[in-house]
Each structure stands twice: as structure tokens, then as C-alpha cells.
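Novice: This is what each chain is made of:
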Amino acid sequence: MTFLAKPKIAHPSLPKNTLGLTRRDYEGALSTLCAGCGHDSITAAIVEACWGVDLEPQNLVKLSGIGCSSKTTAYFVSGSHGFNSVHGRMPSIAMGANAANRNLTYIGVSGDGDTLSIGLGQFCHAIRRNLNMLYIIENNGVYGLTKGQFSASADIGTKAKKGETNFQPPIDPVLLAMTLGATFVARSFSGDKQQLVPLIQAGMKHQGFALIDVLSPCVTFNDHEGSTKSYAYTREHYEPAVHADFVPLEREITADYKDGESLPVVMHDGSRIVLRKLDTAYDPTNRTAAAAHIQERMREGEYLTGLLYVERAEHEFHQVNQTPAFALNSIPYEALSPGKAGLDKILARYR
Amino acid sequence: MEPTDTSNPNYYHRVVDCQWACPAHTDVPEYIRLIAQGRFTDAYLVNRHSNVFPGILGRVCDRPCEPACRRGRIEEKPVAICRLKRVAADHREDVSGRLPKIPKVKNGKKVALVGAGCASLTVANDLMPLGYEVTIFEQFGEPGGLMRSNIPSFRLPHTVLNEEIGMITGMGVDLRLNTPVKSMRELIGQGGYDAVFVGSGAPKGKELNLPGRTEGSANVHIGISWLESVAFGHIEKIGRRVLIIGVGNTAMDCCRTSLRLGADSVKVMARKPRGFFKASEWELEDAEEESVAIVINHSPKSFVMENGRLAGMLFDRMEYDLDAQGRITAERIVGEQFFPADDVILAIGQENAFPWIERDLGIEFDKWDVPVVDKVTFQSTRAGVFFGGDAAFGPKNIIWAVEHGHQAAISIHRHCQGEAVSERLAPGMNLQSRKMGMHEWSYANDYNPLERRLMPHVSLKERFKKLNIEVELGFTAQQVEQEVQRCLNCDVQTVFTAKLCIECDACIDICPVDCLTITHNGTEAELRERLKAPAKNLTQPLYVSAGLPQTGRVMVKDEDLCVHCGLCAERCPTAAWDMQKSELRWPHAGDEAVALEAKKPKIA
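Protein sequence lines correspond, in order, to chains W and F.
Using the numbering used here, the letters of the first sequence correspond one by one to residues 1 to 351.
Using the numbering used here, the letters of the second sequence correspond one by one to residues 1 to 604.
There could be a bad hint or two in this list.
[Stated by the list, open to error] Only part of the chain W face toward chain F is listed, based on derived beta-carbon distances under 8 Å:
hint, residue
1, K8
2, T18
3, T32
4, S41
5, A44
6, F167
7, A232
8, M298
Hint data in this document are derived by calculation from the structure and do not stem from the laboratory.
Ideal Cβ positions, reconstructed from N, Cα and C, are used throughout, including at glycine.
Go ahead and model the full structure; you've got the sequences and the hints to work with.
Specialist: Right under this line is the structure:
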């Protein structure tokens with residue numbers, strides 16, 4: 001962290017998006033995380049991504065639970081809506097907000113503790129309901145806020161800062177999400193914004209639940225030798241399999257993609273994700289094969305990264321439940337409230 | 001690109017834009033911090049070490065530092081460096097106890113200095129503490145040269161001038177006033193001097209030979225000679241309507257002086273449009289504030305006489321075609337116009353002139369009749385004879401003359417000690433961390449968005465009452481307190497240690513001006529394009545680190561807009577970034593003396 005707020009001056013040649021805003025306009029409060037925390041880099045990637053898709057700040061909802069990761073929603077897009085909820089309970093808050101207003105963009109930021117321990121049930125059900133949101137896990141393998149105990153994502157054999165070894169198997173959020181039927185599953189690294197920023201942009205545009213598990217080293221409690229989630233270890237065992245370029249609606253694809261190596265996926269709003277296979281044996285559209293491949297690489301100690309599975313699906317929460325196409329706050333009071341007569345009629349149905 | 005060699009003193013020196021632009025390399029950020037702490041005397045002495053005349057320069061310096069100031073690239077206006085210098089000079093205590101000590105026992109070497117201007121005085125200032133016997137020959141009855149004769153007292157009060165010159169002459173200099181040197185042959189031959197320094201300035205104003213010049217000569221004046229006559233009380237009046245020819249800083253002094261000697265309609269006549277004026281922007285502003293009219297695109301044609309007296313001047317009206325860069329591509333005359341005048345002052349430039357130097361002494365003159373002087377050693381083609389200030393390379397300004405004096409003093413010392421004048425000490429650089437604690441630095445690193453403070457002036461009603469009422473009042477205490485905070489502390493450098501970096505991106509994310517990038521290496525031109533913010537200002541260097549340990553990529557910093565807020569170092573988990581004060585060691589004659597002494601064999 002720093003004690004000084006980032007000065008409000010900017011590079012004069014800072015580009016503006018179609019709303020006339022610069023990247024600096026998407027920043028938030030001063031981070032109080034440790035200097036060098038991976039989470040701060042993810043925050044910067046979210047800022048960059050929101051700026052890049054011309055998101056109007058007031059159309060963003062940022063939600064979080066408890067933990068180092070969950071503090072970070074304060075550090076980006078200060079002009080947006082936010083809810084810092086109870087530990088592990090972010091998905092139900094997101095669910096409620098999304099049910100009430102389906103026209104906003106939802107980003108949930110959670111950690112490996114918040115998602116895979118206390119909030120595992122909520123996480124699974126958000127996927128099952130295919131809640132239309134981007135769910136980012138800032139995954140560092142330790143409980144940083146309580147001084148570095150192993151979390152549920154700690155790998156077998158990884159060493160804590162004081163030297164103990166972890167013997168319990170990790171829960172891998174990527175494999176879990178694929179098993180539960182998630183339609184957008186990605187893994188990335190806080191130190192690779194070139195990969196992470198387009199993933200966040202695609203995840204925001206994806207209709208349905210989008211998961212990005214971001215390896216985000218804990219610089220204070222998990223960046224030593226013997227840790228499998230340090231900066232150095234992650235860089236050594238980090239294997240990009242599929243690169244996703246996000247192409248907004250108004251921009252033409254200019255790069256010349258060769259057949260077989262690239263695959264454009266058209267999103268619901270007409271924007272596109274162009275997948276570029278870095279590992280030719282990998283198929284990000286085949287759930288079973290992809291899951292097998294990820295597992296195989298994990299056994300060899302490699303983190304397969306990129307957009308690992310994507311599918312254009314038509315069963316997002318609102319579609320399944322056939323809700324109205326507009327936000328509840330735009331429904332006139334008379335229509336929203338049935339009145340005494342209407343309520344009596346409804347109650348009569350249950351007598 | 002190759003990793004940047006920051007051990008070369010020039011690298012960090014160049015980052016301190018003001019110090020790099022200052023001919024005398026004044027440690028500007030250091031003295032501004034001292035002013036901020038209320039340590040005016042210390043601030044004054046930091047200045048005096050480099051520029052010798054802080055009180056004078058704090059009023060009338062040409063301020064090459066200000067256009068260079070980084071603040072001027074971040075916002076519009078640079079830090080008021082020059083006016084802060086004046087603050088230090090105005091509020092300092094007595095410094096006599098802290099001036100260099102002059103040895104009672106002399107070293108047996110005698111040096112003659114011609115002209116008691118800023119260049120010669122600097123030479124004396126540097127050589128007296130080393131035990132030299134210094135004699136200054138001055139044609140006028142008071143020392144100061146151009147600082148006294150050409151700068152009007154409403155800009156530079158005599159008290160300030162006398163005090164700072166007195167600090168040098170008080171070192172025991174043999175100052176011979178009213179003693180013009182008539183012959184260099186005599187000076188060299190009979191003076192018994194080990195070295196001669198010529199700091200006689202550029203005392204000859206340029207002439208404008210147009211029809212009517214001779215007839216009108218009673219009312220046509222050469223700017224610098226006229227100012228000189230005003231300064232020494234020989235001229236006390238001028239006509240009501242005055243035309244000034246030329247728009248340099250001398251023209252500005254002439255027009256403002258005219259207003260104080262009885263003129264009420266003063267026009268400065270310019271041949272070209274505004275962008276081509278030689279005068280500094282602030283001097284133009286001050287003149288215009290006093291209702292001086294600046295008339296552009298008028299080229300002098302002739303002096304017009306009426307009844308045997310000057311009646312005015314005839315001008316050609318000019319028109320220019322400019323290209324996209326603002327350069328003149330064509331010019332034509334579109335008519336002529338008469339301007340009535342009682343007096344005309346010519347301020348179109350000045351030259352050095354050496355009628356007193358015989359041309360058979362081995363002192364070579366070039367085809368423009370200017371002495372051939374070495375740009376580093378300031379030695380002429382005759383060993384032991386040195387030139388400096390305007391006398392060396394034509395009219396520049398005080399701060400250049402001071403630096404010439406410093407360099408000439410080094411040469412004179414080496415010459416007198418029998419050492420080669422060209423083998424001089426190289427500049428050095430010292431770096432020292434400013435880290436005090438977790439997020440504490442021993443400098444104020446928070447960026448303050450305050451705008452430049454405006455200098456308060458004596459009211460237009462009051463200032464013309466007397467010739468010597470100083471127009472600028474100096475900053476108020478509150479203005480000082482605010483202006484010092486505008487300095488970005490560019491001398492507190494961002495020093496990077498590549499082997500400590502874990503590439504966490506923290507510095508890149510926090511940098512408010514996007515000057516950092518971690519990327520794969522490339523050629524400079526190509527690298528400049530793909531930085532987080534493209535580095536378009538080619539006058540500012542890129543810092544490129546050695547390969548980083550984890551990925552082999554490099555850390556690139558575009559120095560252009562760094563505000564030295566230190567957030568990169570605060571966010572860095574491994575202290576790969578540190579904020580370190582760079583202190584330039586720019587050698588003077590005293591440093592040469594210490595180095596030469598150290599080389600001598602020690603007698604046990």
C-alpha cells in the first residue's frame with residue numbers, strides 16, 4: 001500500500017474511450033493491501049477492461065464477500081454501485097441484485113477462502129442457476145488476512161512461510177465450475193495483463209455465469225521458495241493454452257486469423273471473442289476433453305491458462321425463469337404492487 | 001536497447017531538468033527544499049556555490065531553467081525558480097562568516113582580470129580562496145559591468161548589486177577602478193602576471209545606418225550606451241515620444257527606462273511578428289503592463305528630419321508567409337508608414353570589441369574579428385590568456401558568464417600550477433536514499449496541484465515616481481509557502497535495481513503518469529511506441545533496466561513526465577525501486593586544487 005493517494009494528474013496523451021473517459025476515470029479508492037499484492041494488479045486489469053469496453057460507471061455493480069480480495073471492489077470504478085457482503089455470501093447478494101435489475105453489469109470479486117471454503121455452497125449454486133455475472137477469484141492459496149494459513153486451493157506439497165507442508169488436496173475452481181456446467185471458464189495470472197484484460201472484457205459480455213480464476217500471489221505470506229503460488233513458481237509453471245482476444249461490436253476484426261488456429265465466438269450483443277489456440281491439442285469448446293486436458297496438465301504441475309471453456313448458451317437465469325426484460329425499478333408502482341384486492345386473490349389460491 | 005548506464009553522472013543530471021538547463025548547474029530542487037524549511041541562508045549558499053550572485057540572478061536571470069522545468073510539461077507553467085532564488089537572497093541572514101576563507105599567505109601567483117563584470121568577479125571568487133593575488137581593471141568608477149550599466153535599477157536595486165559584488169571584492173581583490181586597460185601588450189609585458197583573464201563583455205551596440213542617421217544623431221541613441229549613461233547619471237531626460245528599434249531584452253529595458261525619464265508614448269518597433277521576438281516572455285509582459293506599445297511587422301527605412309531636428313521615422317510595412325512550423329517562407333513590403341518621435345533608441349544587438357588587444361601577441365582573431373577561444377578551457381591561442389563572458393563568444397547573459405568564469409578559473413589554476421589546462425576533473429554524482437521508514441521519505445512527495453503564484457508589483461501609479469523604485473515586490477510569505485510545493489523534486493531519483501524485481505506490476509499500476517512499463521526489449525524507436533503511454537518527447541531519455549530475473553523482460557521508464565512522487569517505491573514489495581537524492585559534483589577551481597594537492601607526493 002501507499003500512504004499517499006495517487007495524484008489526480010495524468011499523462012496528457014492518455015487515450016479516451018467513446019464516453020470521453022480515460023483509464024484514470026475508472027479508478028477507485030486508495031488500496032490498503034500490501035505493496036506488491038497480486039490483487040492490486042487484478043484491480044488495475046479490471047480498470048483497464050471497464051475503460052476498454054466503454055462501460056458507463058453507473059451501469060456496473062461490484063460485489064464482494066470478506067477477505068483481502070473482497071476489499072478490492074473499493075479500489076476500482078468509484079462511480080459504480082457496490083455491496084461488500086458477508087463472508088462467502090456474495091453470490092446470494094449478486095443473485096438478488098441481478099434478479100431486481102438485469103440490465104446492469106455484475107462483477108463479483110472473491111478469494112480462494114471466500115469461494116472455496118466458507119462460500120463453496122453459494123458458489124456452486126450461482127453456477128447452477130447460471131447467474132449472469134463475472135465471478136473473479138483472486139486465488140493465492142492462503143488466508144492472507146489471518147496471516148497465511150493454507151486455504152482450500154493450496155496444492156499438495158506446497159510449503160507455508162514457516163515451513164509446514166500441505167498434504168490436503170486442493171479444490172480447483174476451474175474443474176469444479178466445468179463439472180457444474182459453467183459456460184465460461186478461464187484461468188489467468190495477475191502478472192499477465194495482456195491475457196487477463198481481454199478475459200475480463202469477454203467475461204463481462206458473456207451471457208451467463210463467467211468464472212475467471214486468477215492466480216494472484218500473496219506477496220507477504222505466499223511468495224517464498226517452496227510455495228506453488230509464488231510469482232516465480234507461477235511464471236515457471238504457467239502454460240497459456242488458449243488466448244482470447246475480445247473484439248467489441250464497433251471494431252472490425254483486422255488481424256488475419258488462419259483457419260483451425262482461431263475460432264471467433266459471437267457474443268449475445270454481437271461482440272466477438274477470437275480464441276487463438278496456443279496448444280493445438282486443446283479444444284476449448286469440448287467440455288469433457290477440455291476438463292481431461294486440464295486435469296492431466298495439473299497432475300504434471302502446470303497451470304493451464306486462458307479461456308479454457310466457452311459455450312454460447314441460452315439458459316441464463318432470466319431466460320430460464322422468463323422474467324420481464326426490464327429492471328423492476330422501472331415497473332410502475334401500480335403494476336408492481338397488486339393492492340389489497342390483488343393480494344387477497346393470490347392468497348385465496350393457497351387456501 | 002542496452003541497459004542504461006546510470007553510473008554516468010550525466011544520466012541523473014539530465015533528469016533534473018532545471019539543473020541540466022542551468023549553465024552553472026545550480027542545485028535548484030535542493031535550494032527550493034531549503035526555502036520550504038525556512039533555511040534561507042542555507043538556500044542562499046547552495047545558490048552562491050554555483051551561480052555566485054543569487055540576489056542579482058533572483059531578479060534578472062535569463063532563467064533557462066524555467067522553460068526546461070518538468071512542471072511546465074505537466075501543467076502549463078513552470079515553478080517560479082528565479083523568484084524563489086530571490087526569496088532566499090532577500091531573507092537570508094549575514095553570510096560573511098560562511099564565505100570561503102582567504103589565506104593570509106598567498107601562493108605567489110598573480111592574475112589580472114580585465115573588466116569588473118560577472119565573469120571576472122566569478123574568477124576572483126574562485127581563485128582568491130586558493131591564495132592567488134587577483135587584480136581587476138575596470139574602466140568605470142564602480143564595479144559590476146553590464147549588471148550595473150545595462151540593467152535599470154528599477155529591476156535590480158544598487159544595494160543588492162553592491163552587497164554581492166562586495167562579497168567578492170571584500171576577499172582582498174586589488175580592484176582598480178577608472179583604470180581601462182589600453183594595451184594588452186603592456187599588461188602582459190609589464191604587469192608580471194601569471195595569467196590574464198579578459199571579461200570585458202560585449203560593450204559595442206550595433207549601429208543602424210539608414211538615411212538621416214547622421215543628421216538626427218542628437219536624438220538617436222545606441223541602447224546599451226544610453227542605458228549606461230542613465231545608470232551613471234549622465235542622462236536624466238528623454239523626449240515625450242520615443243521609438244525603440246528592436247525587441248530584445250535591451251529594448252525592454254530601454255522602453256521602461258524611457259517611461260521613467262519623461263516619455264509618455266513609447267513604441268517598440270519590431271520587424272517580425274511576435275513569435276520571433278528575442279525578448280523573454282516575462283520582460284515583454286512587464287513592458288506591456290506599463291503601456292508600452294509593441295508594433296509588429298515594421299522595418300526601419302529612414303530617419304525623418306524636420307527643421308533640423310528629428311521628427312520621426314519611416315518604416316516599411318512587412319507581410320510574411322509562414323509554414324506549418326511557423327518559419328518564414330516569404331516576405332514582402334506592402335506599404336510604408338511614418339511614426340513621429342522625439343527620440344529613437346537603437347536596441348538591435350551588441351558585439352564584443354577589442355581595440356586594445358594588439359594583433360601580434362599570438363592571440364588569434366577569426367574572420368569576424370572575434371578571439372579564437374577554446375569552448376572548454378576558455379584559453380585563447382596564447383597560453384595564459386583566457387576569455388570569458390560576453391567577451392568570449394558574444395552576448396549571452398549573466399548566468400553563462402558566471403559559468404565561463406568558473407571554467408576559466410579552473411584553467412587558470414591548472415595553468416599556474418604547470419598542469420595541462422585540458423585535463424580537467426570530470427563531473428561526479430552522488431546518490432543517497434531518501435527512505436526514512438515504511439512510507440516515509442525525507443522529502444515532500446505528495447503532488448500539489450497548485451498553480452504558479454504571480455509576482456506582486458508596485459502599482460502603476462507609484463512606480464514611475466523615481467527611476468530606482470524596484471517594481472517587483474518579491475513573493476509574500478504565503479506565496480513562498482505555496483510556490484515551493486510546486487517543485488517536483490526531480491533530483492530525488494527513481495533508482496531501480498533489476499535483480500530485486502519480482503515483476504508484480506505494482507509500480508506500473510500505481511504510477512499516476514504511466515511512465516513505467518515492463519516489456520520485452522527492443523530498439524529505442526520501437527520501444528518508445530509500445531510503452532504504456534507512448535514516449536513522444538524525444539528530448540527526454542528512456543531508462544532501460546537489465547533483464548528482470550523471472551522473465552528476462554526489461555523495466556522501461558520514460559523520464560519525461562515522472563513527478564517523483566515515489567509511489568513506485570512505496571508500492572514496491574522488494575525495494576527494487578528506491579528514491580535517492582542525486583547530488584551533482586560539478587568541479588570548480590577549489591575541487592581542482594584539492595585533487596592536485598592529493599596527487600603530490602607526501603613528505604613524511
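Novice: Now tell me, hint by hint, if it's right for this structure.
Specialist: Tested hints:
1. Restraint check, W/K8 versus chain F: the minimum CB separation of about 7 Å is within 8 Å; hint holds.
2. With a least beta-carbon distance of about 20 Å to chain F, the hint placing W/T18 at the interface is violated under the 8 Å criterion.
3. For the restraint placing W/T32 at the interface with chain F, the shortest Cβ-Cβ distance is roughly 12 Å, beyond the 8 Å limit, so the hint is violated.
4. A cut of 8 Å between beta carbons decides the hint on W/S41: the least distance to chain F is about 4 Å, and the hint holds.
5. The closest approach between the C-beta of W/A44 and any C-beta of chain F is roughly 4 Å, which is under the 8 Å cut-off, so the hint is satisfied.
6. Interface hint at W/F167: violated, since its Cβ lies 28 Å from the closest Cβ of chain F, which is beyond the 8 Å cut-off.
7. Interface restraint check for W/A232: the shortest CB-CB distance to chain F comes to about 6 Å, inside 8 Å, so the restraint holds.
8. Interface hint status for W/M298: violated, as the beta-carbon distance to the closest one in chain F is roughly 22 Å, over 8 Å.
Consistency with the previously given hints fails for numbers 2, 3, 6, 8, ordered from lowest to highest.
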